[in-house]
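K.L.:
Produce the entire structure from the sequences given, and follow the hints as far as they go.
These protein sequences, in sequence, are chains L, A, W and U. Each step along the first sequence adds one to the number in my numbering, with nothing skipped, and position 176 is 309. Each step along the second sequence adds one to the number in my numbering, with nothing skipped, and position 335 is 831. Each step along the third sequence adds one to the number in my numbering, with nothing skipped, and position 414 is 1086. Each step along the fourth sequence adds one to the number in my numbering, with nothing skipped, and position 64 is 66.
Hints listed in this document are in silico derivations from the structure and should not be mistaken for laboratory results. Hints are supplied without guarantee of correctness; some may be wrong.
To be verified - Straight-line Cα separation of at most 25 Å, SDA-like style, residue types lysine to any residue; simulated pairs: (1) U:Lys103 to A:Leu616; (2) A:Lys930 to U:Ala56; (3) W:Lys962 to A:His748; (4) A:Lys930 to U:Val77; (5) A:Lys630 to W:Glu919.
As the list claims (entries may be wrong) - Chain W is faced by these chain U residues, among others (derived, beta-carbon under 7 Å): (6) Thr18; (7) Asp39; (8) Lys53.
Don't be surprised by glycine CBs; every beta carbon is placed ideally from N, CA and C.
So you can see what is in the structure, the chains are spelled out below.
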Amino acid sequence: MSDLLASDLITPDAGEPPLLGLASVSILKVAPLARFSFRARTASLKKAGTAFGVPLPVKPLTSETTAKRAALWMGPDEWTLLAPEEDLQAVITGIGSKLGNEPHALVDVSDRSEAVIVTGEKAAWLLNTGIFVDLSQETFPVGTVTRTLFHKAPVMIWRIGPDAFVVEAWGSFMDYVAGLLVQCAQELEAA
Amino acid sequence: MSQPFRTEKGGRIDRAEELTFTFDGEELHGHAGDTLASALLANGVHLVGRSFKYHRPRGILTAGSEEPNALVGVYRKDDQTPNLRATQVELYDGLKAISQNRFPSLGFDVGAVNDLLSPLFPAGFYYKTFMWPKSFWDRVYEPIIRAAAGLGKPPKNPDHDSYGNLYAHCDVLIAGSGPSGLAAALAAAETGAKVILCDEQAEFGGSLLSESSATIDGKDPAVWVAEAIARLGAMDNVTLLPRTTAFGYFAHNFVALAERVTEHLADPDPRLPRERLWQVRAKEVVIAAGAIERPMVFPENDRPGILLADAGRTYLNRYGVKVGHKVLVATACDSAWQAAFDLADHGVEVVGIIDLRESPPESLVAIAAARGIRVEAGCVITSTLGRKRIKAALLGRLMTSGQVASGGQIECDALLMSGGWTPTVSLFSQSRGKVVWDAEAGAFVPGKSVQKERSTGAANGLYGLQASLADGYAAGEGAARAATGKSATITHSRTSGGEAGSGGTLGALPHDRNASRVKAFVDYQNDVTAKDVKLAVREGMQSIEHIKRYTTTGMATDQGRLSNMNALQIASGALDKPLTDVGLTTFRQPFTPTTFGLFAGVSRGDFFDPVRKTPSHDWVVAKGGLFEDVGQWKRAWYFPENGEDMHAAVERECRTVRKSVGLFDASTLGKIEVVGPDAAEFLERMYTNPWKKLAPGRCRYGLLLNDAGFITDDGVIGRLADDRFHVTTTTGGAPSVFATMEDYLQTEWPDLDVWITSTTDQYAVAAVQGPKAREVIAPFIEGIDLSAEALPHMSVREATFCGVPCRLFRISFTGELGFEINVSRRHGKMMWDTLAGEIAKHDGVAYGTEAMHVLRAEKGYIIIGQDTDGTVTPQDAGMTWAIGKKKFDFVGKRGLERPDLKAENRKQLVGLLTKDPKIKLEEGAQVTTLENPATGTPAEGHVTSSYFSPALDRSIALAIVKNGHALEGKALYVPMPEGSIPVEVTGTVFYDKEGARLDV
Amino acid sequence: MKRYSFLELAKNAFSAHQNWGRQWRSPEPKAEYDVVIVGAGGHGLATAYYLAREHGIRNVAVIEKGWLGGGNTGRNTTIVRSNYLWEESAALYNHAIGLWQNLSQELNYNVMYSARGVMMLAHTIHDVQVAQRHIHANRLAGVQNEWLSPEQAKDYCPPLNISKNIRYPVLGAALQRVGGTARHDAVAWGYARGADALGVDIIQNCAVTGIRRSQDGSVEGVETAKGFIKAGKVGVVTAGHTSVVMEMAGVRLPLESFPLQALVSEPIKPAFPCVVMSNTIHAYISQSDKGELVIGAGTDQYVSYSQTGGIHISNHTIDAICELFPHFRRMRMLRNWGGIVDTTPDRSPILSKTPVPGLYVNCGWGTGGFKATPGSGHVFAHTIARDEPHPINAPFTIDRFRTGRLIDEAAAAAVAH
Amino acid sequence: MLLIYCPYCEIERAETEFRCGGEAHIARPSDPEKTTDDDWVEFLYMRSNTKGIAAERWRHIHGCGRFFNAVRDTVSDEFLKIYKTGEAKPDLEALAREAGK
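P.N.:
Here it is, written out as structure tokens:
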């Protein structure tokens, strides 16, 4: 997946078999990550970005990535920060010391969510079986990230390639989300 | 095989592929490309059903989705789907269809006696009778009426087919692929706009597929269609959806489409959905739904063999089927003449064209003459003969006086009729646009657009091939430009022939018979006749809605697409009001009946609603534990061992917790991390309790009210640092508490420097409760001192569990020494397995929610939603202690000051002990002061929680009782059907009142 | 008024039904009435009927913007029941049940009240607790309601899926046998015919545009599309439009009007013997005499007077129906429509005098007003005639929201259908 | 299903991502001591329930999570204006005129 965004960060979980592996679409579990919910006022963003290692995007629904970091816009004062699992403490310390007493909230939500990568020419089609967001490349280009609903479950989707999406859901919703993705893909196997 | 009414050649069927099917058990044959209706007609079968009320024999009337008569049941996998329109059912090999609403058979139906008794059953007859004797309505009359009503029989078995869903966005959605729809698609697609073209039929092309008298660009229209579809199909920006009905037009240009994916296949792949719901958000919509032909309302216009003229032409040209060998055509407009000519050209004997008009166009008369067809102008049909198939029609000649003179009889085996055309304005009407009367078209046509939509072609009251194409191109271009700002020029095709005709009629036709005795049907399916409409008006029904509801006209499965205009005209005459003043009923979604499964989609079985599981789930399953549904969560309920019943299991679990130790999964509790310099201030404003002085490392029970002053949630809140709190909520209340906090934070106190983050799913939580709790967790906890001195009750620490970071709370919901360990969800299973192994060594148990409820009730801890119900204040619950007296404000503070929340005689939470310790009260049972209260005596309150307490070896209960706090020690009663149960009012704490067991 | 009966029907058959009279007149309004009722829905017409019949006040006009019975009366799913939790509610709805039982005979109009039983399903332990609380409270109040095991529930309603393996299995049900359905249009028409025969003028297609008040603040009459109509007493019974009409008199109410959708299937032969409701998974269903499955959905989330709603509401209702009755999955929706329901914060109605002398209001029935029609009209007529509430509607004041004495059926987890 | 523009995400999304928060611009009385029962019932329960042009609150609950305000015609369900929390209530009559209502 070298042509994809955040390639070093979002990697399939080697210990888990693929949830789905069709010619037109596959679903892979994402390996554990350090995830943070970061909240702050505008004045603190620059410092926070510097401390984290990637600027926090201010344009709605966009993301900023480097090899080891991703900052995803979630709301006007809310970002999801992603880092390798082993950097968990470093990020907490880094942002904490840089921002000092400036009001902000950094909460470890590494295990709140689980993620899958949905890739293949039918990836957008498959997401659209349950997500009411226009996923055409003009309106949802690579790098776009948003929270939305997949059928009855809240999810976050992040386009990391023309035909590749990260789909995140809270841990207790992942059976539902992954299960339905697999089920909805079934018809692709039919003649 | 013999298909006696099949033409020699022509049509779009595949004559090489013969298909076998059955209708009411009789084996018949058709071809690929047939509908069930066309195949039945090819076999000479017209009688296909019985009418709703009079059980009259009925035949196929139309060739489209508006078909009112030919409703059949179709079998698949030994079950049948009722009420399918034979005109829409595509034929496949082995198809099994049955007729409906008849007993014992279609040919002989005992219900037909209703037709003889029909003088007793005028519109609304049931409102006037069946009232005596009173008890007979639902026991005698109603069952008879219900059995007689209804159409098909419901399916017998659960439906195992799947239904798909797709959300889609497009620039231009085009509904309908006749000449104007196709032209619109071509024009819009050429601009590069994203286009979805859908059509309810199996093939695109609409009327072009049966057009015999015109050419486009010099080609047969069907060829032009094929080329256009090929061109569209090759474009990336176009999605073509045949067999797809645009059935609902909702707010903000949201259109729902129903795609039939497998219904036409003999042996569909089970992985394919039967149907698919397309939920489309279109920037612009082009409605190209065409127009449908109107029946003529003359006496006995419902015999099998009577069809709409255009249907006759469609069966001939598209399906290669002759509707009869001797066909009579009755019309009030030009278009039906072409049907007569086409039939004649296929060698069918056309026994006459009966035109209502005094002088039909000379050109048509000349063509008829050339084919030797008898033409009767200024004539109507006054009656038809034949029971299960038309045999003849009686003619009437219109006199200048307005009277009708008998005009003889014509033998025929089929009659084609046309009262003119009605634009299909259903979708436009659903888009909330108002139709306007177009006198020239003699029809209601779409008025001003309310949403981003335009109607084109016949749906807009515009006829004629060239005009329809031109209008379609303009609509497509206009829609694309409006949606994308882009335009393109495309070459418009040129047509020859297919000019618009004229003529048409509305309402009941004159005849020479007793109008009050004959049946001239307006709404075929619901058996509504012209005289029914007149009766409704006579009885004072003046609004068209009243007429519709009183007679049921327009309430059939076509929603009145066939009948409305005729009914309106008849009502207009009866009311002596212009048609436009009578009013119109509203078309509602769905456009055609739409499968429930399509709406339900994937929401079934385990996917009906997300099943949220905790990390201990599999362990519980393996142990044979049972689950309880709490919101979307599955929570372990109790763990029966060795065939224990619930009572025994719960008793054992409770005793073990109090004696040694128990392990409980508390992961489902809501968790919210409140962070920021104003975190304490924020909690101070949200909860009733004071928070500012709570030291880091300590916890406090928090009580949450709404601004009305009633308790809505509670939970333990731990302070991790000056600016960081770990808040817990009830399981069911988690989402609403979080939403409420966001609401106050964002809209009332945006100045506060604090943020909240849900961490419910971040942590798995194990509660270890019981005298041995400390021993159980000690081996795994590192980094902190677990002693009572270092870690007193209501403390929180960050530590590690087996090397994994954890938040350790020393709290108790059992009254015993207790800890709740929060680790990352990922490590939840490890933690659970570790602790489960450890408690076993200490004679401990895992316990479920039921034992948890008993243990907390013994201690008088309340459960929000069980001991409170949204009408309980902190004072009522005996929790005045939880209110920070010195606080300036908190959510609910002002609400509590309202007169009735401070009034005497409020219901208050108390304990109840039955006089007989063995009797356990029923939860929900009422509490009274009298042993045997008279019916209607208001209760003093009710039992909210009731259990057998193993610790006390007796039953205990909590109750909400009027003035309860003042009644301690008093006797009350809980009246039950078997007799009253005496109880004594007590405090709410039953066990370890001093709390000694907590402080160890 | 010519009485309706089978004999009369047979007699008229001989004259080909040419001699039936009008069921009600279409009079022009008089200059003055003793009482003007605004809104000719079931509740308004019933009020007029009982004013004339029980209180001798016959100089009454019912003024209707559209056609009588055309609002929520003609748009609801026709469920009748009275097994409400609080004594106040149970008394009100049970009063209605008493009247339903004789209504066809009383009005000489077959309103098809069919006591086929209303079954309310419990899917969770919490549901069971709530249902049991209702049953015990109802028993004490003299309201019939009983508990059924899943098997008993299936006996009563054979299509019900009581498998333990569905997402929210049925744990039992509360059954009110005297509950059922009635024919909504017939209720409006029967009351209209009855009121008309007693001298009440029903004036359709006449919008009320203002409420005129005298110097002392009391009501003088109403401005209408057909001019001013004088009346010392005005009763407003306009459901979803109550806020709009009451604003004409400067009275603010704790109401919000939401879209509520309902739908029917194509007609089928008898397949469903009773009424089934599930508050937990949000669905209710019965089968009409015509054979249609009549299904109620939930409200949309925003205030709207559009009488339409979103498809996601239907989706969530139908998926619940298909879970409970999986062989209806292949059935098809014939028609979907919307009403405007006026809801109060405690989901109980307001049947009350107002701060304006001579002005009375009957509103806030939310999704469940149809069942109360006869009882509501009966006690509201009493309130208007005597200028004081009937004991049954005395608790249903506007002031309860200020003092906090709510009648909170919603809080008690009983959704008021 | 309405289509709603979120002023923070700057995009239109389906209604199911949003929760309606009822009538907008109803301020919670800030001082409970000085608030009468009548003031409180106004805040808690009394609503204009406008038929026509009205301002209401929405929260993009399954999106950015922010509350914002919207002016909608409750007869046609058409949105006339959407603005962020904290911005002044627009002149509803002027908006209505502009929209030709």
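K.L.:
A separate judgement is required for each hint: does it hold in the structure or not?
P.N.:
The hints, checked one at a time:
1. U:Lys103 to A:Leu616: violated, 51 Å
2. A:Lys930 to U:Ala56: This hinted pair holds, its Cα atoms lying about 24 Å apart.
3. W:Lys962 to A:His748: violated, 34 Å
4. A:Lys930 to U:Val77: Given that 25 Å is the threshold and the Cα spacing comes to 14 Å, the pair holds.
5. A:Lys630 to W:Glu919: Given pair Lys630 of chain A, Glu919 of chain W is violated - Cα atoms ~44 Å apart, limit 25 Å.
6. Thr18: With a closest approach of 6 Å, the Thr18 of chain U hint holds.
7. Asp39: holds, 5 Å
8. Lys53: holds, 5 Å
In this structure, the earlier hints numbered 1, 3, 5 are contradicted, and the remaining ones agree with it.
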